[in-house]
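Could you build the full structure based on these sequences and the hints that come with them?
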Amino acid sequence: MSHQTGIQASEEVKETFARARNGQYRFLKIIIENEQLVVGCAKQPGSTWEQDYDSFILPLLEDRQPCYLLYRLDSQNAQGHEWIFIAWSPDYSPVRQKMLYAATRATLKKEFGGGHIKDEVFGTNKDDVSLNGYQKYLMAQSSPAPLTTAEEELRQIRISEVLH
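Every position in the sequence shown, counted from 1, becomes a number in my numbering once 241 is added.
Because the hints were derived from the structure by calculation, they are not lab data. In this text, all values refer to a predicted model and were calculated from it rather than measured experimentally.
Here are the simulated DMTMM-like cross-link-like pairs (lysine to aspartate or glutamate), alpha carbons at most 20 Å apart as the crow flies:
{"id": "1", "residue 1": "Lys284", "residue 2": "Glu252"}
{"id": "2", "residue 1": "Lys350", "residue 2": "Glu256"}
{"id": "3", "residue 1": "Lys339", "residue 2": "Glu361"}
{"id": "4", "residue 1": "Lys351", "residue 2": "Glu274"}
{"id": "5", "residue 1": "Lys339", "residue 2": "Glu276"}
{"id": "6", "residue 1": "Lys350", "residue 2": "Glu253"}
{"id": "7", "residue 1": "Lys377", "residue 2": "Glu361"}
{"id": "8", "residue 1": "Lys359", "residue 2": "Glu291"}
{"id": "9", "residue 1": "Lys284", "residue 2": "Glu323"}
{"id": "10", "residue 1": "Lys339", "residue 2": "Glu303"}
{"id": "11", "residue 1": "Lys284", "residue 2": "Glu256"}
{"id": "12", "residue 1": "Lys367", "residue 2": "Asp293"}
{"id": "13", "residue 1": "Lys377", "residue 2": "Asp295"}
{"id": "14", "residue 1": "Lys339", "residue 2": "Asp369"}
{"id": "15", "residue 1": "Lys255", "residue 2": "Glu274"}
Each pair of labels, with its calculated beta carbon distance range:
{"id": "16", "residue 1": "Ser316", "residue 2": "Val336", "range": "35 to 43 Å"}
{"id": "17", "residue 1": "Gly287", "residue 2": "Asn263", "range": "14 to 22 Å"}
{"id": "18", "residue 1": "Met340", "residue 2": "Ser316", "range": "28 to 36 Å"}
{"id": "19", "residue 1": "Glu402", "residue 2": "Ala259", "range": "52 to 60 Å"}
{"id": "20", "residue 1": "Thr390", "residue 2": "Ala343", "range": "34 to 42 Å"}
{"id": "21", "residue 1": "Ser316", "residue 2": "Ala347", "range": "22 to 30 Å"}
{"id": "22", "residue 1": "Lys351", "residue 2": "Glu402", "range": "44 to 52 Å"}
{"id": "23", "residue 1": "Pro335", "residue 2": "Val403", "range": "52 to 60 Å"}
{"id": "24", "residue 1": "Arg399", "residue 2": "Arg305", "range": "45 to 53 Å"}
{"id": "25", "residue 1": "Tyr333", "residue 2": "Glu394", "range": "41 to 49 Å"}
{"id": "26", "residue 1": "Val336", "residue 2": "Gln376", "range": "28 to 36 Å"}
Idealized CB from N, CA, C, for every residue including glycine.
Printed below as a string of structure tokens:
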């Protein structure tokens, strides 16, 4: 269970989220300022999501300042466009900032609408949240879980039983 900070979304954020869910934006950077969530940056699509990704995200990441990033994919689900939610918390940011952003994550996701979020990525360095990092995350999500020695032995027995 996460602890909540009491930080709420500003009216500007709520209005921006509504426009974003309607497809107006490709990318949103949300920051905590004066004890509320505010829009740090919003960008409209330039090309496909893969082509826009690194040029939209990486330049806006600060080495010592956490933030939230919402990035719209070209795919849709029953709710509308699918989004990647990125929690950026660089290693060298102040501990208080890291804790504040970690404790406010649930509030942001609730305000945006969890049904729109396809993937959730956490990053402490730019490689974690680059397009290459996101693709590695997807590969890790689709790979089978590691097996214990006992599970691996059982799997080998089942394979040999099928073959004989």
